[in-house]
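**Student:** Sequence:
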Amino acid sequence: MVLDTEDWQAAPAPGLHLAFRPVHDVITARVFAYEAVLRGPDGEEGDDILARIPADRHAELDRRVAAGAVTRAMEMGLGTTTARLLIPIHAPNAAPAGAALTAATLAGQRTGLIPERMIFGIHGFADVPGQQLADLVDGHARAGALTAFLGLGHDPIGFSPCVRYRPAMVRLDPDLVNGIDASWSRRLMLEELAPRLREQGIRVIADGVSHEGVLRRLRSFGIFHLQGDLVAPPMPGMLPPTRIERPAAAA
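Using the numbering used here, the final residue of the sequence shown is 261, and nothing's skipped along the way.
Since the hints were derived computationally from the structure, they do not count as laboratory data. Owing to the predicted nature of the structure, the values given are computational and were not obtained by experimental measurement. Treat each hint with caution, since some may be false.
Said to hold, decoys possible - Label pairs and their calculated CB-CB ranges: (1) Glu55 to Ile167: 16 to 24 Å; (2) Thr38 to Ser195: 30 to 38 Å; (3) Gly25 to Arg229: 33 to 41 Å; (4) Asp57 to Pro246: 35 to 43 Å; (5) Arg226 to Glu85: 31 to 39 Å; (6) Pro106 to Asp191: 36 to 44 Å; (7) Gly232 to Ser195: 17 to 25 Å.
Don't be surprised by glycine CBs; every beta carbon is placed ideally from N, CA and C.
Let the sequences and hints guide you as you build the complete structure.
**Tutor:** This is the structure:
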């Protein structure tokens, strides 16, 4: 494994490392959360990384990423901000539901980050058995943490787990968000999807926001939490500030 087991920090290149990117709140014009992003030496992320690691080590990877995300974020000053930490779970089927939570909580006890400031992001949630999703959402809530389902896209199958298991947040896939200012079909889908999620008490995060035309369209749909190139790309070794200036956010 390429993550150090003693201090839970990401190993130097050419191994895996953690980068961070902000979730911008256009209402407050502040960073709502920082997402920890696991990256390979050539910029690989997510499924590309998992494909290179034996399946029997996926659970270990998620535990180390959870602990490493807390440790690195606190070292870089998360504790001096009001932002939450979005911790990815890339292989939610690989371990008991509380594995990443336990690793992050232990790291939080060492560094001073409480569970109430943690968000656990479930990748591939549409392929996770219902009981596992229920256990994840419930376990995080009992500890005071939040759950986000990451990657809701064009496929309507992904909407049902959101309604049934009620995560605190759902992140829209970049393929759905990018270009909505010029795509009639994507606008229609978001016009229907966003209010249905809000009716369930679910906060919507839009990923893939590349320019202000997309930002303005998202605001018209009542979507106020953004990620993408317009906000800031993932960066190792720091918690990057948002690129969206207050006047643009308030436009």
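**Student:** Please write out, lowest number first, the hints stated earlier that are contradicted by the structure.
**Tutor:** 4
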